[in-house]
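A.B. asks: Sequence:
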Amino acid sequence: MAINFRPELDPLSPYRPPRAANEAAAERGAEGYVKLTSNELSFGPLPEAEAALAEALPRANRYPDRYVASLREEVVSANPGSAFENILVGNGSSEILLNLLQLVERPGEVIFPWPSFGLYAAIGITLGLKTTKVPLTDDHEIKPEALLSAVTDDTRAVIVSNPNNPTGTYLTLDEVRTFAEALPDNVLLILDEAYQEFVSDPAYGGSHVLALERKNVVCVRTFSKAHGLAGFRVGYGIAGQRMADYVERVRFPFSVNLAAQVAASASMRARDKIEARARFVMGERDRIQNAFRQANLNYIPSQGNFVLVQTGPEIFERGRVLVREGDPLGYPGWSRVTVGDSGENERVIRALGGA
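As numbered in the working numbering, the sequence shown has no gaps in its residue numbers, which increase by one up to the final residue, 355.
If you're looking for bench data, these hints aren't it; they were derived computationally from the structure. Be careful, since some hints might not be right.
[Said to hold, decoys possible] What follows is a list of derived Cβ distance ranges for each label pair:
1. Ala203 - Phe254: 37 to 43 Å
2. Asp245 - Pro202: 30 to 36 Å
3. Asp286 - Arg66: 15 to 21 Å
4. Asn298 - Arg66: 48 to 54 Å
5. Asp174 - Pro80: 16 to 22 Å
Glycine included, C-beta positions come from ideal geometry on N, C-alpha and C.
Work out the full structure, taking the sequences as your base and the hints as a guide.
C.D. replies: Now the structure itself:
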């Protein structure tokens with residue numbers, strides 16, 4: 001007799017990452033592909049992070065700091081008004097999202113805009129929550145009024161990717177504040193700010209101030225993008241003290257490993273260099289968007305380190321550039337192009353020559 005699995009898990013599929021450059025080369029019998037599929041930074045860790053890793057290596061036989069104290073202290077220094085007790089940490093921001101949804105009552109539902117980051121639905125379903133997707137506007141924008149209209153007595157949490165992945169559209173701080181104030185106090189608002197370093201609009205502002213003001217608001221961030229530490233899996237969040245205390249109750253011990261802790265701490269201390277990298281990406285993003293305009297391709301103006309453009313991946317693949325196909329992102333017939341380094345972005349632009 002077979003083990004009976006929970007039937008609500010049947011719609012889920014294992015995560016299948018986009019092809020790596022070496023896989024594409026093997027398939028096509030050609031070398032020299034570049035990978036612009038996963039919104040990664042094309043630069044490696046900062047030298048400060050590399051030095052911290054080398055210094056920490058002899059201590060790899062010991063468990064890491066359970067409290068991730070050094071990283072928490074760096075996050076506090078970078079976010080005025082916060083305190084050590086407000087900081088969440090996790091094995092990537094995805095663990096923090098999981099921990100937050102582990103806290104809410106069941107039965108219940110989690111609401112989020114769609115298309116957006118697919119992990120929200122996967123976590124909700126895994127935890128036995130109903131998932132409700134609220135469509136973006138025709139202009140690919142998040143509409144707070146539509147999210148509010150979807151809230152019911154069963155709603156336990158709302159997740160907003162801001163800027164939104166895969167569209168790069170965003171809400172300003174005033175818009176987020178208005179939405180948070182209109183949301184019932186017993187509904188958790190999670191603001192996923194994975195791409196916040198790449199936003200050029202001063203009105204965006206970042207939401208950590210709201211997380212400190214309101215007990216039901218949490219902002220979540222990552223070191224996988226602007227910091228170039230995707231391979232180490234480390235993220236952080238800012239929340240009220242009670243929320244942070246409960247998250248710590250369900251977080252696995254030692255979930256943030258030694259390498260992640262020291263690299264992220266060193267990278268956070270070198271914030272001026274991270275900001276310089278982000279400015280470079282913003283400039284290259286403008287260059288790519290301008291190339292799309294010149295090629296008469298429809299695209300969504302982005303505030304992330306990626307651009308969603310209305311064309312299939314074949315245009316880019318003939319230039320040996322791998323991009324993210326839009327179908328699994330909710331945008332069939334589109335492609336999401338990660339902003340790379342200057343040479344990689346030049347490859348993207350040259351591939352448009354036959355568009």
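A.B. asks: Does each hint fit the structure? Answer for all of them.
C.D. replies: Now the hints, each set against the structure:
no., hint, result
1, Ala203 - Phe254: 37 to 43 Å, "40 Å, holds"
2, Asp245 - Pro202: 30 to 36 Å, "33 Å, holds"
3, Asp286 - Arg66: 15 to 21 Å, "43 Å, violated"
4, Asn298 - Arg66: 48 to 54 Å, "50 Å, holds"
5, Asp174 - Pro80: 16 to 22 Å, "19 Å, holds"
Checked against the numbered hints given earlier, the structure breaks only hint 3 and satisfies all the rest.
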